[in-house]
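Chemist: Protein chains in written order, with numbering that gives the first Met the number 0: chain Z, 0 to 429; chain P, 0 to 429.
Simulated from the structure, these hints should not be mistaken for laboratory data. Each hint should be verified, as a subset may be incorrect.
Stated by the list, open to error - Derived Cβ-Cβ restraints for the label pairs, each shown as a range:
hint : chain 1 : residue 1 : chain 2 : residue 2 : range
1    : P       : G111      : Z       : R52       : 56 to 66 Å
2    : Z       : E108      : P       : A68       : 50 to 60 Å
3    : P       : A308      : Z       : H19       : 46 to 56 Å
4    : Z       : T317      : P       : R224      : 14 to 24 Å
5    : P       : A308      : Z       : R115      : 31 to 41 Å
6    : P       : D226      : Z       : H19       : 50 to 60 Å
7    : Z       : E108      : P       : S88       : 55 to 65 Å
8    : Z       : R34       : P       : D226      : 25 to 35 Å
9    : Z       : G183      : P       : R365      : 19 to 29 Å
10   : P       : G201      : Z       : E318      : 26 to 36 Å
11   : P       : E64       : Z       : R322      : 43 to 53 Å
12   : Z       : K314      : P       : A31       : 31 to 41 Å
13   : P       : G337      : Z       : R52       : 41 to 51 Å
14   : Z       : L326      : P       : G337      : 55 to 65 Å
Stated by the list, open to error - Simulated crosslink set (PhoX-like; lysine-lysine; CA at most 25 Å straight-line):
hint : chain 1 : residue 1 : chain 2 : residue 2
15   : Z       : K296      : Z       : K314
16   : P       : K314      : P       : K291
17   : P       : K253      : P       : K207
18   : Z       : K219      : Z       : K207
19   : Z       : K207      : P       : K207
20   : P       : K87       : Z       : K219
21   : Z       : K207      : P       : K296
22   : P       : K314      : P       : K283
23   : P       : K253      : P       : K219
All values derive from a computational prediction rather than experimental measurement. Note that beta-carbon positions come from the ideal geometry of N, C-alpha and C, so glycine has one too.
One letter stands for each residue in the lines below.
Protein chains: 2
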Amino acid sequence: MNVPADRNAGDITDVAGYMHGLGRAAREASRALARADTNAKNRALAVMAAAIRRDAAALLQANAEDVAAARAAGLDDAMIDRLAMTAKSVESMAAGLEQIAALPDPVGEMGGFAYRPSGIQVGRMRVPLGVIGIIYEARPNVTADAAGLCLKSGNACILRGGSEAIRANRAIAACVREGLREAGLPESAVQVVATTDRAAVGELITMKQYVDVIVPRGGKSLVERIDREARIPVIKHLDGICHVFIDEGADMDKAVRIADNAKTQRLGTCNTMETLLVHTAVAKFVLPLLAKVYADKGIELRGCERTRALLPGIKAATEEDWRTEYLAAILSIRVVEGLDAAIDHINTYGSQHTDSIVTEDYTRARRFLREVDSSSVMINASTRFADGFEYGLGAEIGISTDKLHARGPVGLEGLTTLKWIVLGDGQVRG
Amino acid sequence: MNVPADRNAGDITDVAGYMHGLGRAAREASRALARADTNAKNRALAVMAAAIRRDAAALLQANAEDVAAARAAGLDDAMIDRLAMTAKSVESMAAGLEQIAALPDPVGEMGGFAYRPSGIQVGRMRVPLGVIGIIYEARPNVTADAAGLCLKSGNACILRGGSEAIRANRAIAACVREGLREAGLPESAVQVVATTDRAAVGELITMKQYVDVIVPRGGKSLVERIDREARIPVIKHLDGICHVFIDEGADMDKAVRIADNAKTQRLGTCNTMETLLVHTAVAKFVLPLLAKVYADKGIELRGCERTRALLPGIKAATEEDWRTEYLAAILSIRVVEGLDAAIDHINTYGSQHTDSIVTEDYTRARRFLREVDSSSVMINASTRFADGFEYGLGAEIGISTDKLHARGPVGLEGLTTLKWIVLGDGQVRG
């Protein structure tokens with residue numbers, strides 16, 4: 000059963016039946032995709048990119064209608080900002096698909112083979128997860144990105160975008176289907192949920208027989224709700240409470256540059272620094288320098304007692320501040336006794352996302368790397384680098400704050416798993 | 000807070016408070032363990048093994064009391080069989096800890112470092128998961144095995160064994176604590192839940208702030224209940240419906256040897272074959288040979304129509320048979336048209352555990368490896384090899400039938416995760 004993804008929402012009254020139909024079709028398509036060759040997948044990606052470029056005007060028109068409807072419905076500016084597409088964002092969607100085509104195919108990689116005393120030879124092969132359900136909010140570019148990443152990694156996917164982006168998502172989905180068709184791959188490898196009924200999400204995250212993993216992308220409340228209600232494993236991103244620790248052994252130029260960039264390069268991203276930790280031995284040198292940098296950029300500072308003694312007039316940071324992801328022009332600052340106190344603070348208040356130490360001291364740098372329990376741990380680099388493109392993954396489906404399976408930026412590899420391969424010559428167990 | 004693991008069950012009225020106390024202590028211990036050096040961990044394992052050998056008589060006495068109580072309570076023979084220890088099983092517990100000590104330490108392995116265009120150098124480091132909750136039934140040896148594997152992989156653990164094994168588990172736990180103490184590691188790195196109150200399990204599987212992963216070991220109903228109710232990721236094992244497919248290109252000697260061993264070497268294990276698939280072109284040669292082997296070993300056969308035409312008198316297999324993990328002296332047999340039908344059967348009815356093809360044909364063997372979506376896929380080897388020891392993991396905490404994180408036998412590596420490491424020299428993002 001293959002329900003056309005551009006079917007009108009109004010046609011669907013039996014949401015559970017509709018979603019199970021998508022699930023069955025996705026499961027079937029996943030088997031074809033798992034054995035699809037690299038050329039077919041790359042050809043599909045190239046055709047999708049070309050179709051998106053060719054249909055740019057129509058995509059922008061569909062998006063303009065979404066934006067108009069969103070405004071009429073009174074959605075806030077931040078939401079409309081995420082929803083709105085431009086000629087540039089359409090081009091970057093197409094370019095993104097071509098970049099995914101250029102990445103090595105992870106499926107079928109084999110390695111680690113070793114002979115065992117029994118005579119069997121044991122290794123592992125990288126294989127797709129199967130069917131991936133992706134639930135996201137406004138941004139229509141996720142439709143193309145997610146379809147591309149799932150396809151290249153050999154997975155079928157079911158995409159459930161925000162209802163506010165439904166027109167653009169359908170137009171993008173038509174380009175995606177064209178690519179699949181041209182490459183001889185099943186169109187149901189990528190299905191966009193056509194109904195805006197919220198019950199569709201409830202079905203998607205509980206139909207274990209058809210879906211292997213759920214990736215929610217959006218605000219924390221969406222992600223928490225999905226994680227709470229899902230009966231399928233979830234690869235998710237919650238908070239990004241990132242720290243920079245300026246050690247007593249820091250190079251002060253690097254410290255100022257990194258603490259500036261980590262906070263101010265972009266305020267609203269998950270890898271933006273939210274709390275700055277400063278070694279007590281260098282606080283009196285570096286904090287006044289940084290206070291000037293932050294003042295020039297309009298960053299509000301909130302400090303511990305020792306910070307406030309050095310920067311009179313700033314607001315006191317509360318226990319709550321240490322636990323807050325501001326995503327705004329606010330920074331909390333704490334002066335600490337040393338490395339142990341910094342690591343304790345990070346492991347207590349952080350969100351295990353990304354934390355960086357600025358130091359020239361080898362032993363303390365090495366301890367920081369081992370003992371900070373976060374998905375990305377850095378030495379002398381801005382937390383803003385925690386990103387699939389910057390890490391060389393080529394693209395990312397998201398940044399995981401979970402520990403199991405995929406940690407940190409999740410690219411093609413995170414959408415695959417390893418199975419064991421045993422090569423024998425008639426061996427039996429004694 | 001460190002609640003002694005040998006505290007009597009009767010002392011504990013506030014189960015939630017007690018479990019949260021264990022959780023806090025485990026979380027704290029996990030930080031010390033994550034930075035413990037390899038020597039300290041190996042020393043602890045060696046002392047545990049020595050203590051178990053020294054206390055063998057006391058362990059057997061405690062176990063004898065458990066067995067007597069279980070008999071008095073009317074537990075079935077299979078349960079008592081799993082519960083009962085012998086001098087040999089005590090020795091193998093000690094030897095198992097020594098084997099774990101001899102394995103390489105997975106914690107801190109680093110690799111994959113590459114320079115990025117920005118100048119940062121990005122790689123990954125293997126790190127412990129944190130705190131592992133293990134819930135198991137009768138077998139007391141799991142207490143030592145699980146403690147050893149968690150310790151070597153740098154994880155704290157909370158062990159909740161079956162109430163019927165409580166005396167032996169406490170005696171083993173005392174040996175484990177002695178090892179931790181002697182090596183200067185926190186005793187709360189391994190805590191055995193002292194109460195047999197079932198509410199303790201409910202707390203363990205929902206206290207997300209203290210526990211990172213749950214590993215249930217036991218019957219399917221236990222595992223399903225834990226998986227349904229847990230609010231923490233679960234590494235689990237459900238069914239083992241394993242297949243052997245005898246291809247038309249099979250060497251008949253290998254086919255008979257493997258189909259015999261996979262079914263009859265042990266009947267009750269998860270990697271035992273439950274359904275035999277035979278290519279129609281060779282069925283008339285191989286099935287009569289196998290029927291004799293199975294008849295001699297008392298295996299009941301249930302077949303499809305074509306099987307029954309070749310082996311008159313055997314029972315008809317129903318749709319239900321294809322979905323059944325017998326764990327008993329029963330085998331279902333199906334004659335199939337060829338490789339595609341075999342793969343379809345396995346992907347439809349199997350449990351994604353372990354499946355083997357017997358063939359000398361290169362192309363079909365290669366397709367089987369890629370297209371069978373199971374945690375272990377084999378060529379010309381008995382499914383009985385799907386096991387951590389046989390694969391060279393040294394020991395296993397279980398065999399995962401999940402796809403995310405750990406698939407197949409789970410050893411030390413499956414109890415760890417990878418974090419990203421970024422080495423910079425003052426880089427900021429432009």
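Chemist: Would you mind marking each hint as holding or not holding in the structure?
Modeler: Against the structure, the hints come out as follows:
no. : hint                           : result
1   : P:G111 with Z:R52: 56 to 66 Å  : 35 Å, violated
2   : Z:E108 with P:A68: 50 to 60 Å  : 52 Å, holds
3   : P:A308 with Z:H19: 46 to 56 Å  : 37 Å, violated
4   : Z:T317 with P:R224: 14 to 24 Å : 42 Å, violated
5   : P:A308 with Z:R115: 31 to 41 Å : 40 Å, holds
6   : P:D226 with Z:H19: 50 to 60 Å  : 22 Å, violated
7   : Z:E108 with P:S88: 55 to 65 Å  : 40 Å, violated
8   : Z:R34 with P:D226: 25 to 35 Å  : 30 Å, holds
9   : Z:G183 with P:R365: 19 to 29 Å : 21 Å, holds
10  : P:G201 with Z:E318: 26 to 36 Å : 30 Å, holds
11  : P:E64 with Z:R322: 43 to 53 Å  : 49 Å, holds
12  : Z:K314 with P:A31: 31 to 41 Å  : 36 Å, holds
13  : P:G337 with Z:R52: 41 to 51 Å  : 44 Å, holds
14  : Z:L326 with P:G337: 55 to 65 Å : 58 Å, holds
15  : Z:K296 with Z:K314             : 17 Å, holds
16  : P:K314 with P:K291             : 16 Å, holds
17  : P:K253 with P:K207             : 49 Å, violated
18  : Z:K219 with Z:K207             : 24 Å, holds
19  : Z:K207 with P:K207             : 23 Å, holds
20  : P:K87 with Z:K219              : 53 Å, violated
21  : Z:K207 with P:K296             : 39 Å, violated
22  : P:K314 with P:K283             : 18 Å, holds
23  : P:K253 with P:K219             : 33 Å, violated
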